[in-house]
Each structure stands twice: as structure tokens, then as C-alpha cells.
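In the order they appear, the protein sequences are chains A and B. Residues in the first sequence are numbered from 89 upward in steps of one, following our numbering. Residues in the second sequence are numbered from 89 upward in steps of one, following our numbering.
It is possible that part of the hints are untrue.
Since the list gives no way to pick out one identical chain from another, each pair is judged satisfied if it fits inside one copy or across any two copies.
[Said to hold, decoys possible] Straight-line alpha carbon distances no greater than 27 Å define the calculated BS3-like cross-link-like pairs of lysine-lysine that follow:
(1) Lys203 x Lys327
(2) Lys327 x Lys214
(3) Lys340 x Lys183
(4) Lys203 x Lys214
(5) Lys203 x Lys124
(6) Lys214 x Lys307
(7) Lys214 x Lys183
(8) Lys340 x Lys214
(9) Lys340 x Lys124
(10) Lys307 x Lys340
(11) Lys214 x Lys124
(12) Lys203 x Lys340
(13) Lys307 x Lys327
What the hints contain is simulated information worked out from the structure, not anything from laboratory work. All values derive from a computational prediction rather than experimental measurement.
Number of protein chains: 2
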Amino acid sequence: MANPVLVEVTRGGRVESRHRGAAVAVDAAGQIIFSKGDTSAPIFPRSAVKAMQALPLVESGAADAYGFGDREIALACSSHSGQPEHVALAAAMLKAAGRDADALECGCHWPFNMKVSTRMAASGGKLTTLHNNCSGKHAGFVCVACHLGHSPAGYINYDHPVQGLVRDALGDLTGAHYGVDTCGTDGCSIPTYAVPLPAVAHGFAKMTTGEGLAPARAKAARRIIEACMAEPFYVAGSKRACTRLMELAPGKVFAKTGAEGVFCAALPEQGVGVAVKCDDGATRAAEAMVAAVLALLVEDEALRDGLRAIAGHSISNWNGIETGHLRVTEALL
Amino acid sequence: MANPVLVEVTRGGRVESRHRGAAVAVDAAGQIIFSKGDTSAPIFPRSAVKAMQALPLVESGAADAYGFGDREIALACSSHSGQPEHVALAAAMLKAAGRDADALECGCHWPFNMKVSTRMAASGGKLTTLHNNCSGKHAGFVCVACHLGHSPAGYINYDHPVQGLVRDALGDLTGAHYGVDTCGTDGCSIPTYAVPLPAVAHGFAKMTTGEGLAPARAKAARRIIEACMAEPFYVAGSKRACTRLMELAPGKVFAKTGAEGVFCAALPEQGVGVAVKCDDGATRAAEAMVAAVLALLVEDEALRDGLRAIAGHSISNWNGIETGHLRVTEALL
Chain A
89 MANPVLVEVT
99 RGGRVESRHR
109 GAAVAVDAAG
119 QIIFSKGDTS
129 APIFPRSAVK
139 AMQALPLVES
149 GAADAYGFGD
159 REIALACSSH
169 SGQPEHVALA
179 AAMLKAAGRD
189 ADALECGCHW
199 PFNMKVSTRM
209 AASGGKLTTL
219 HNNCSGKHAG
229 FVCVACHLGH
239 SPAGYINYDH
249 PVQGLVRDAL
259 GDLTGAHYGV
269 DTCGTDGCSI
279 PTYAVPLPAV
289 AHGFAKMTTG
299 EGLAPARAKA
309 ARRIIEACMA
319 EPFYVAGSKR
329 ACTRLMELAP
339 GKVFAKTGAE
349 GVFCAALPEQ
359 GVGVAVKCDD
369 GATRAAEAMV
379 AAVLALLVED
389 EALRDGLRAI
399 AGHSISNWNG
409 IETGHLRVTE
419 ALL
Chain B
89 MANPVLVEVT
99 RGGRVESRHR
109 GAAVAVDAAG
119 QIIFSKGDTS
129 APIFPRSAVK
139 AMQALPLVES
149 GAADAYGFGD
159 REIALACSSH
169 SGQPEHVALA
179 AAMLKAAGRD
189 ADALECGCHW
199 PFNMKVSTRM
209 AASGGKLTTL
219 HNNCSGKHAG
229 FVCVACHLGH
239 SPAGYINYDH
249 PVQGLVRDAL
259 GDLTGAHYGV
269 DTCGTDGCSI
279 PTYAVPLPAV
289 AHGFAKMTTG
299 EGLAPARAKA
309 ARRIIEACMA
319 EPFYVAGSKR
329 ACTRLMELAP
339 GKVFAKTGAE
349 GVFCAALPEQ
359 GVGVAVKCDD
369 GATRAAEAMV
379 AAVLALLVED
389 EALRDGLRAI
399 AGHSISNWNG
409 IETGHLRVTE
419 ALL
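Just chain A, same shape as in the assembly (with noise of 0.2 Å):
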């Protein structure tokens, strides 16, 4: 049984492509209050659960001893363009731990903003580890190995301690196995373990409402989550979904993309967590998708109509030409 049609790319007038997908809205108790589509399935949520994978840095003491605050912990938990700020950031970052780029196993990428990588080639820049996108969560990911005492060398690797502390709150968080049956390896090569979308939904509603959580972890969850909407630009960038959604009111939605159309939110407000996963992996009908859903569950107007004009909006071609419309379809309406 096919997913359904959740997103529509038009031209012409004419529909010219269409995204298909799963989404789910979960409160903290585990009760799904929204869903379309197959959400059975196991999915890997790839970096829409940074914010999960910041836990250990936070718990473990490592933020506080090496004096990080909300920009730190929010480039714990991003995907950032590679933006100077945050290129800046996560190089301090290891620098608390006494450490520099070498210490990062992510490997190097350029920024995937054209803009931001051309501006960085023309003014001489060179590429590195620190450019990557997952680079906070990494330099996080080192400071933790450094804070414990353990080597941070291998800590991308499954059997590494801060893999281990990592996959104990996510399984904490999630209530889903998490083991080497289930794990595939991430782009910066760290494990992503196949999880049900509700699971991931149900993580981050108990994310924000300390639910279910120890009150040690309840803290860290809720610190984690005010940090990431206190300073959105460090979550991913400028123009960016995920800033932009953060940007629309200020601490009342949390969200994050991953890979291959994953995208996750909380509204902290109302201790509820949604996931969406586009089916072909587009990122573009993701943040459709959980713009609309959000939109389905939130009482502002004003957000509403934020995250409405972000589900939804016209296309132009490099003259600046109208070509068509990206919408979400009557399912996620």
C-alpha cells in the first residue's frame, strides 16, 4: 500500500511532481493525535535526532565544565550551512576540550549552500572538518570522550563509549530498540538506528515535557530544546527551514531536519512531538510536510499562518519568474 500523496510541486497550473510520505503527531503520554501514511515502518531519522544525540554532552557535566551555552548546545544539535558563525563555533568548541579540527571523524564537505561556499572560495578559504555540517554535533560528541576521560578517537564507531551513551538516551527517549540489527551508518559515519516515526514523535513530546524521563535527564532534554529555539541561526543557518520555523514565535516550536526527507518538531507548549519522512527523500516536501502538520496543531493565528506560508509557497525560476507552486494536499490540510 502506497503512502499517500502529501506534497505537490506545480507548473503550469499542472501538477509536474508529487512527494509521498508518512507523518505523525505524539503526545508525551504515546498517544498519537495525528497521522497519515504507514508509520510502521522503521525509518532512520538521521539528523532530525541531534538534539537526542546532544544529550550525553549536556549529561555528562561536559557543558558546563567547558562553559558552553545555548549556541554551543544548539551547534550540538545542528545541521549548520557552514556559515563563518558557525565554522567559529564548533572550532571554540574543541578548543575548550583542547582539542582542534583533527579530532573531528566527520569528514569534509562544503557548505551545501552555494552562496556560503562560493563566498568562502573566492575569499580564500580552505575547507575542513569544521565546515561539515555535522561538525557541532561532533566537536559535542569530543568534548563529551574529553570531559569522561575516555579517548575521543573512534567515537563515530558503534562500540565507542559516546556512541553508547548516545544510543541509551535515545532508546530512553524513543522506547525503540536500538541495536546492530537496526543500524545503518550516517553520512558523517556515525550509527543511525531504523526507528518507527512514532517512537522519534513520542522522543521529542517527551523531550519537552521531561515525561516518563529521569529528572536529571528531564533537565538536560528541556535545556536542550530551549537552546535550539533560543538560537535557531545555530541549528542550521540563514534561510534555513529549520531556523526559519524556530524564527516564526520564539520558543513555542522546536525543529529539525535529517537526511532523506526526516524532519522533526516539537511545540513545547503543548508537550507534543511530530515526524514527518518524505518517502523519496526530498527535502523539500519535508518541510512542507511538518510545516503543514504543525499548523494543523497549533492555536496562534499568526503561527498558523507562518507555518502555513512555509507548507506552502510559489516557485521562480532564476529570472525571478513565477514556474509554479509547492503545496501540501488536502491530507495535511
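Place chain B on chain A using the hints.
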């Protein structure tokens, strides 16, 4: 009724993303010899029909008048990578008609390939319309206008004589209807028309055999297809799918990509045209689909192996670690 899943992307041994679509192969008589999915729905073939859109360049005598050889004709059919060779040749084509980059109405964008763009930025390169992946096609349009004594200004518009010639050629080749009612605006601002997939495949089959075409058009069509196969680098660029597909067996495969998951191809020796459309618009899937359909049609074993290697391959992350595979499903095997 959903189209079948034709391509899967795996991670850690699981399917992470799925691409649905339709694919068809048609001979020059219009007989469908392979078909998957709903091929009756009109689709925008986008840049995949640039070789058809280049017919007026040859038929008008402009190509001969300006001394264009295979490279210039191939570039007129290209969605090029903006590499220095492409940019220089587009400029030379315009110069032959006494024009320059200012005549191009395609808009500007950085070359899509990050290495090409960052190398260009690092060496102080300035972005011009010549870098637009469609600049070769647009240079061809400008040449047609100039050669026929029309002002090239507004050559991108539906009512300009050049677009009238393009429309006539498309209609003759595909047998489909081309009018304002089926018209959308392409990324480079020229009209693009929604037509059924088999009509496009049939048009490419006719381009290779000349069947049903006036002698002059048949000759021009064959010259265009041969120019592209002779100069595959000028149809796309380094490591690009069109280029790789045509390099597999020189003179035996024609291939051209289009935005939003369209890919067209032809096997001149068999007089067969192929057209695929990935429902969600993904290029990675369209590339696999068209290679897989071609692999089903060819008899040469080495060529078939080469096509299969494009239809299915491993995927590595930033550290070069294999994270999964892209593969076609049984529907295309």
C-alpha cells in the same frame, strides 16, 4: 493508482527511500516496446527535449552559416556543468552571431557542481548568463533569430518566431499538442509543454531513423543526435549521467536529462526512444531508471554491464565509507 517503485535507496541493509515513476520505450513506428507505470499522464519533459528544440538551429541554416560543428550543436542540446569549456563555447557561439552574453535571457546561476563553482570562485571568476546550464541552448536560439533576421530580444517568449519554430518541430516529432493550454515556464524561462511520455520517446525514435519526417528534418535530426553522441562532454560535463551514458558505447546511445526527474534516451541502431519520469522529480532515480530501461533493450553485453553499473551502485559518505546502495527494483530488471 500509484506508479510502481522503480528505484530504492538503501542504508544498513534496509530501504531508506523509494522512487516511483513511469518508463516507456517506443520504436519509430510508435509501437510501445516497454512500459511501466502510468504513461498516459502528460509530463513536462523540460531539458530532456533540448535535442528537439535544437532542430531550428540546424534546419534554418544558422548552424552552417556560423560554422558550427558537433561541439556547438551538442552544447545547444546541453544542460552543461558550467565548466570553462562549456562557458567558452557558448560565448563563441554568440560571437559568431555578433552577440555576447547580454543577449541571453536564461538568467544566472552558479554551476550546480560544487567543485566547478568553488574552483571558479577561488580563481576570481564572475558569474554570467554563460554559466547557466542552458546557455548553449539559448545561444542556439539567439543564433536562429539572428540568422533569420529576427531580433533575438524576447526569444524566450511563446510568441517569438524562434519558439514558434521550436513548437512546430516538437509537434512534428512527438505528434502531441503544443499550445498555451499545455504550456508552463521552464527554469530558463522558455515555454515547456506537457505531453505524454510515449510521445516524447516516439519523437526520439523518429530522430534516430527519420521515419515520418521530411527529408531535411530527418537529416537535421540525425545530425543533432550524432553530434551529441560524438561530443558527450558538451551535452553535460565531467561525471554527469548524460556524458557517462553516451561514453559507454560511442555512437550507440543518446541520452539527455531534464529537471524534475525526466530522462530521455535513444538507441539509434535499434531506432528506439526511451523516456522516464520519476514521480517525485529526483535526478538520482531518473538516471537509474533510464539506464535500467536501456540495459533491458541493448544486446551488447559490455554496454549492458555499463548501463547496469549506472542503474545500480553503492553510495558512500563524506569519509568514503559505503552506507548503502541505489538500485532499481524488479520492475526494471
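Status of the hints after comparison with the structure:
1. Lys203 x Lys327: Cα proximity of Lys203 and Lys327: in one copy and across copies (12 Å, 23 Å).
2. Lys327 x Lys214: Both: 24 Å inside a chain and 24 Å across chains, each within 27 Å.
3. Lys340 x Lys183: neither (33 Å within a copy, 57 Å between copies)
4. Lys203 x Lys214: Classified as both: same-chain Cα gap 15 Å, cross-chain 13 Å, threshold 27 Å.
5. Lys203 x Lys124: Answer is neither: 36 Å inside a copy and 40 Å across each miss the 27 Å cutoff.
6. Lys214 x Lys307: neither (39 Å within a copy, 51 Å between copies)
7. Lys214 x Lys183: For Lys214 and Lys183, only the intra-copy Cα distance (19 Å) is at most 27 Å; the inter-copy one is 37 Å.
8. Lys340 x Lys214: Neither: 38 Å inside a chain and 43 Å across chains, both beyond 27 Å.
9. Lys340 x Lys124: within (23 Å within a copy, 46 Å between copies)
10. Lys307 x Lys340: Close inside one copy (18 Å), not across copies (65 Å); limit 27 Å.
11. Lys214 x Lys124: For Lys214 and Lys124, neither the intra-copy (45 Å) nor the inter-copy (47 Å) Cα distance is at most 27 Å.
12. Lys203 x Lys340: neither (30 Å within a copy, 39 Å between copies)
13. Lys307 x Lys327: This pair counts as neither: shortest intra-copy Cα distance 30 Å, inter-copy 50 Å.
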